[in-house]
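**Student:** Residue numbers (our numbering), protein chains in the order written: chain A, 1 to 554; chain B, 555 to 858; chain C, 859 to 992.
One should not assume that every hint holds.
To give an idea of the interface, some chain A residues facing chain C are shown, with a C-beta separation under 8 Å as derived from the structure [what the hints assert, rightly or not]:
1) Ile126
2) Gln335
3) Gln336
4) Pro337
5) Ala369
6) Gly436
7) Gln440
8) Glu454
9) Gly456
10) Gly457
11) Val461
12) Ile468
13) Ile554
Here are the computed lysine to aspartate or glutamate pairs in the EDC-like style, where the Cα-Cα straight-line distance is at most 16 Å [stated by the list, open to error]:
14) B:Lys807 to B:Glu626
15) A:Lys474 to C:Glu956
16) C:Lys955 to A:Glu471
Keep in mind that the hints were calculated from the coordinates and are not lab data. All of these numbers come straight from a predicted model, not from anything done at the bench. Note that the Cβ used here is the ideal one computed from N, Cα and C, for glycine as well.
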Amino acid sequence: MSGKDMQDSFNRWQELVNKTLSRFPEQKERYAFDSGACVERLYTPLDAPDFDYEQDLGYPGQYPFTRGVQPTMYRGKHWTMRMYAGFATAAESNKRYKYLIEQGSMGLSVAFDLPTQMGYDSDDPISMGEVGKVGVAIDSLADMEILFGGIPLDKVSTSMTINAPAPVLLAMYIAVAEKQGVPADKLNGTIQNDILKEYIARGTYIFPVKPSMRLITNIFEYCSKHVPRWNTISISGYHIREAGSTAVQEVAFTLADGIAYVQAAIDAGQSIDDFAPRLSFFFNAHNNLLEEVSKYRAARRLWAKIMKERFGAKDPKSWQLKFHTQTAGCTLTAQQPDNNIVRVAIQTLAAVLGGTQSLHTNSRDEALALPTEESVMIALRTQQIVANESGVADSVDPLAGSYYIESLTTSIENEAAKLIARIDDLGGAPAAIEKGFIQQEIMDAAYKYQKDIEDGGKIIVGLNKYQIKEEPPKGLLRVDPAVENAQKERIARLKEKRDNALVGETLKNLEKACKSNENVMPYILEAVKAYATLGEICNIMRGVFGEYKQNVII
Amino acid sequence: MELAARVLDGDKTACARLISLVENESPGYTDALKALYHRADDTYVIGITGPPGAGKSTLTDKLVKLLADSGERVGVLAIDPTSPFSRGAILGDRIRMAAVSGNPNVFIRSMGSRGHLGGLSKHTANAAVVLSAYGCSYIFVETVGVGQSEIDIAGMADTTVMVLAPGLGDDIQAIKAGVMEIGDAFAINKADKEGAGKTYRETLASLDFKTDWDFKPPVCQTAAETGEGVEKLLENIMAHKTYLYNSGELNAKRARRKAAHMRDIVRDRLTRRIERLIASKADVLENGADPYTLADELIKERFQ
Amino acid sequence: MRPIRILVAKPGLDGHDRGAKVLARAFRDAGMEVIYTGLRQTPEMIAAAAIQEDVDVVAMSILSGAHMHLLPRVVRLLKDEGVYDDILVLGGGVIPKEDIPLLKEAGIQEIFTPGATTAEVIEYIQNNLKRALG
Numbered sequence: 001m002s003g004k005d006m007q008d009s010f011n012r013w014q015e016l017v018n019k020t021l022s023r024f025p026e027q028k029e030r031y032a033f034d035s036g037a038c039v040e041r042l043y044t045p046l047d048a049p050d051f052d053y054e055q056d057l058g059y060p061g062q063y064p065f066t067r068g069v070q071p072t073m074y075r076g077k078h079w080t081m082r083m084y085a086g087f088a089t090a091a092e093s094n095k096r097y098k099y100l101i102e103q104g105s106m107g108l109s110v111a112f113d114l115p116t117q118m119g120y121d122s123d124d125p126i127s128m129g130e131v132g133k134v135g136v137a138i139d140s141l142a143d144m145e146i147l148f149g150g151i152p153l154d155k156v157s158t159s160m161t162i163n164a165p166a167p168v169l170l171a172m173y174i175a176v177a178e179k180q181g182v183p184a185d186k187l188n189g190t191i192q193n194d195i196l197k198e199y200i201a202r203g204t205y206i207f208p209v210k211p212s213m214r215l216i217t218n219i220f221e222y223c224s225k226h227v228p229r230w231n232t233i234s235i236s237g238y239h240i241r242e243a244g245s246t247a248v249q250e251v252a253f254t255l256a257d258g259i260a261y262v263q264a265a266i267d268a269g270q271s272i273d274d275f276a277p278r279l280s281f282f283f284n285a286h287n288n289l290l291e292e293v294s295k296y297r298a299a300r301r302l303w304a305k306i307m308k309e310r311f312g313a314k315d316p317k318s319w320q321l322k323f324h325t326q327t328a329g330c331t332l333t334a335q336q337p338d339n340n341i342v343r344v345a346i347q348t349l350a351a352v353l354g355g356t357q358s359l360h361t362n363s364r365d366e367a368l369a370l371p372t373e374e375s376v377m378i379a380l381r382t383q384q385i386v387a388n389e390s391g392v393a394d395s396v397d398p399l400a401g402s403y404y405i406e407s408l409t410t411s412i413e414n415e416a417a418k419l420i421a422r423i424d425d426l427g428g429a430p431a432a433i434e435k436g437f438i439q440q441e442i443m444d445a446a447y448k449y450q451k452d453i454e455d456g457g458k459i460i461v462g463l464n465k466y467q468i469k470e471e472p473p474k475g476l477l478r479v480d481p482a483v484e485n486a487q488k489e490r491i492a493r494l495k496e497k498r499d500n501a502l503v504g505e506t507l508k509n510l511e512k513a514c515k516s517n518e519n520v521m522p523y524i525l526e527a528v529k530a531y532a533t534l535g536e537i538c539n540i541m542r543g544v545f546g547e548y549k550q551n552v553i554i
Numbered sequence: 555m556e557l558a559a560r561v562l563d564g565d566k567t568a569c570a571r572l573i574s575l576v577e578n579e580s581p582g583y584t585d586a587l588k589a590l591y592h593r594a595d596d597t598y599v600i601g602i603t604g605p606p607g608a609g610k611s612t613l614t615d616k617l618v619k620l621l622a623d624s625g626e627r628v629g630v631l632a633i634d635p636t637s638p639f640s641r642g643a644i645l646g647d648r649i650r651m652a653a654v655s656g657n658p659n660v661f662i663r664s665m666g667s668r669g670h671l672g673g674l675s676k677h678t679a680n681a682a683v684v685l686s687a688y689g690c691s692y693i694f695v696e697t698v699g700v701g702q703s704e705i706d707i708a709g710m711a712d713t714t715v716m717v718l719a720p721g722l723g724d725d726i727q728a729i730k731a732g733v734m735e736i737g738d739a740f741a742i743n744k745a746d747k748e749g750a751g752k753t754y755r756e757t758l759a760s761l762d763f764k765t766d767w768d769f770k771p772p773v774c775q776t777a778a779e780t781g782e783g784v785e786k787l788l789e790n791i792m793a794h795k796t797y798l799y800n801s802g803e804l805n806a807k808r809a810r811r812k813a814a815h816m817r818d819i820v821r822d823r824l825t826r827r828i829e830r831l832i833a834s835k836a837d838v839l840e841n842g843a844d845p846y847t848l849a850d851e852l853i854k855e856r857f858q
Numbered sequence: 859m860r861p862i863r864i865l866v867a868k869p870g871l872d873g874h875d876r877g878a879k880v881l882a883r884a885f886r887d888a889g890m891e892v893i894y895t896g897l898r899q900t901p902e903m904i905a906a907a908a909i910q911e912d913v914d915v916v917a918m919s920i921l922s923g924a925h926m927h928l929l930p931r932v933v934r935l936l937k938d939e940g941v942y943d944d945i946l947v948l949g950g951g952v953i954p955k956e957d958i959p960l961l962k963e964a965g966i967q968e969i970f971t972p973g974a975t976t977a978e979v980i981e982y983i984q985n986n987l988k989r990a991l992g
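Modelling step: build the complete structure from the supplied sequences, incorporating the hints.
**Tutor:** Right under this line is the structure:
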């Protein structure tokens, strides 16, 4: 059918629609995404007039990777079901890891408590009430030795959600391995190490932008030489979305951050194909199933083009956007929490249909407290049901070719590219963050989302519609407050036992390295091995680098 | 004890209350100010101004810390814009003053501009009087910093520090065009950023518009995030202070300030009176006379 | 009538400030002067700010689970300084229902959990101020 014939037949259908509307109006005058962009009544070939299969989609495992990064996707192996969980002490976590390994899991995921994430020791006054609350407290190599005691680090892959103090925790991991007799080039794992999104959305930053970017490129360089199998960064849109961004903003800001890291490493003299294959991404899975699927496809295509065309990467591995996904914590309601199981199931479908490499599913009770073991189990089972019973994993990128999906994929890619161009005009992601541009965009979207819920334009089941009277939930998880004191005592004992002269010397060397242009990783490693604490090391760096001050954007 | 007396006694809660009283023009506020004004000159007022994004709050934080650590009681007045639509405001300057916000020697007060233009709020100067009576030996006043010309600060402060930074583009040009003259000291902040040297040299050059300086404003580079150069900036401020004292210019400056303050008060009161008078003449306004004739009649009738 | 002055603070170390910021903007749009102190505020910093800023309301948002440590401590400091009787103290965030009576007993007047609307919070504030706006 020619384009004109198609348009004619579409117009005839439109007349039919108008007749129907005069008798049966639609439920809403306008259908829209959370961003406010319009959702059309129907998508047809007219929405993708220049669609070119080879160029726009290609085959899975081939540029531009719209359909996925591997040729066979989940037929070869399901995505990694990686459940992120925090336990208050190193000893408890260690027990849990050993249990998981006995069950056949080789992928560990470490959640740290907030003082650790912010480079404070457990005995720092600011840590009061926070020790062991949202994850494990690590103050020194001694804690790390317990955390991984009896676990062969050459056999497991460990994901650590750590950002500002990432070089310190990575150094501790390398030091533990060394004590086990495992050389660094045998280590597998990931550190989050994405500081830009901390400034934008997550809030656990320490140092200003410039020294933080230096620490990150120091890690890239150190790992490419000494820990070649380590994923040095997980560039995260997850928290940007949680802070209230739209799907388009999530893609744009995450890839803009990615561009900044790549540029920083190139500026530091590294060759793109040396480090780019070790870059990984982390996205959110929100409720709008088809928008989300399109989002992942758009992100893959856009990143492939950026790496190939903008940076001239040669290795196809450098073009691939590989990503972890987590279901959207911000969509979970405290009201009728069991409904959250259904939300997480829809989000799981989105991530899988979008071709994720690994997935964490949230627990139903996360809007109430830390999740219980039973809730975590349901969340994991949700993934297993989607993997084994739903059939969606049996064929690669099964939604491709849908007029809606392809039109949406293209529009998300184009809109995100426009936003990235604006960020480029502002001088790149770090400058755009400093000017508050990114935060303002997200804040405006977050405010609109909240207002849409409050004026009833957006329905959240159980929250602003279909409410019921509820009994307060029981059996929520609590952390024993004794953990904090125990951890404080451990530090006190450590400081008596260790060679304090050696600690002082290694810290002084680290300070000198921070002030110079040298890679700081070897110096951090020396300090860590002398049992300098995380807080001591970070305080040295605070002294030299200063501390980041938040830009208030409301 | 009444509020003013408690403020003179160094009571921080009373100090906070009295600033509110003044800001809201609540009954009794002028009497309180009369009772405190004799202390206004006991304090040294430092204005911090400059374009948005130059790092004013962070720099203020570091300067205040230096003085507070040496035992001085320091006040900070930070002004943010009030929304003309809702009359609400986001006052976010404390966020960058973490280093001193818990310090017992430091009193920080955030103020909405409440419709006042020129970089300050209507009662910023009066709030400084209250802080002075409370015992602050130094007061820092940070202007709104939204890029408009904020020259009120020069009238209120003893020393005005102009904070600039590289990479702010047109904002700097605009600032330079209008208000370079008000800086008694210049800080080129974000000295670690690309282009800082250029901004520094440009600023130095731009001060050559005048050759017969009694006190040529010193220019220094700072990196507020790490604290680098902040001691030098404080030295420069103190050099200006010494100059003002030794030359007698301080008294002259303060007399001008008092005259300006008095002018504001008189103008404010007269304006109110005039508003009332015009409102009472609604009937006359509806007849055919032109506003000039009506004004002549009103002045003749009431003011001559 | 003078504007309501409200301190919006995030005690503790968690960086989830979406809720606090959305509320801060809603407060401003409702005509309040919002003193926003941002992340990582200790109880001492919050109490000092509340006094110096002469606020009518202290609103604290916390998601890290440290609320039982931090919120009552703010109330105690405000009481020690003799200003608690003038300031409405509110909390919000991921706070288990069974903790709410304990927090109220400790002097936090109301706790808003996920799902509370900005309109609800604003209305509560307008109806429960301890000092007149006169």
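**Student:** Would you check whether Ile468 of chain A satisfies its interface hint, that is, whether its CB is within less than 8 Å of any CB in chain C?
**Tutor:** It is violated, given that the least Cβ distance between Ile468 of chain A and chain C is near 13 Å, above 8 Å.
**Student:** Would you settle whether the hint for Gly456 of chain A is holds or violated, based on the nearest Cβ-Cβ distance to chain C being less than 8 Å?
**Tutor:** violated, 11 Å
**Student:** Min Cβ distance, Gly457 of chain A to chain C: is it shorter than 8 Å?
**Tutor:** Violated, because the Cβ-Cβ distance from Gly457 of chain A to chain C comes to roughly 13 Å (cut-off 8 Å).
**Student:** May I ask you to test the interface hint for Val461 of chain A with respect to chain C, counting a Cβ-Cβ separation under 8 Å as satisfied?
**Tutor:** With Cβ-Cβ at 12 Å, over 8 Å, it is violated.
**Student:** Taking the least C-beta to C-beta distance, is Ile554 of chain A closer than 8 Å to chain C?
**Tutor:** holds, 5 Å
**Student:** Checking hints one by one. Is Gln335 of chain A an interface residue toward chain C, by the C-beta closer than 8 Å rule?
**Tutor:** Constraint on Gln335 of chain A satisfied, holds at 6 Å.
**Student:** So, Glu454 of chain A near chain C? Judge it on the closest CB pair being under 8 Å.
**Tutor:** With a minimum Cβ separation of about 5 Å from chain C (threshold 8 Å), the hint on Glu454 of chain A holds.
**Student:** With 8 Å as the cut and Cβ atoms as the points, is Ala369 of chain A at the interface with chain C?
**Tutor:** holds, 5 Å
**Student:** Would you settle whether the hint for Gly436 of chain A is holds or violated, based on the nearest Cβ-Cβ distance to chain C being less than 8 Å?
**Tutor:** Interface hint status for Gly436 of chain A: violated (12 Å vs cutoff 8 Å).
**Student:** Report holds or violated for the interface hint on Pro337 of chain A, using the least CB-CB distance to chain C and a cut-off of 8 Å.
**Tutor:** This hint is violated: Pro337 of chain A lies away from chain C, its Cβ roughly 10 Å from the closest one there, beyond 8 Å.
**Student:** With a cut-off of 16 Å on the C-alpha distance, tell me whether Lys474 of chain A and Glu956 of chain C pass.
**Tutor:** Holds - the C-alpha atoms of Glu956 of chain C and Lys474 of chain A are around 9 Å apart, at most 16 Å.
**Student:** For the pair we were handed, Lys955 of chain C and Glu471 of chain A, check the Cα-Cα distance against 16 Å.
**Tutor:** Judged against 16 Å, a Cα distance of about 10 Å means the pair holds.
Figure legend: structure checked against the earlier numbered hints; hints not met, in rising order: 3, 4, 6, 7, 9, 10, 11, 12 and 14.
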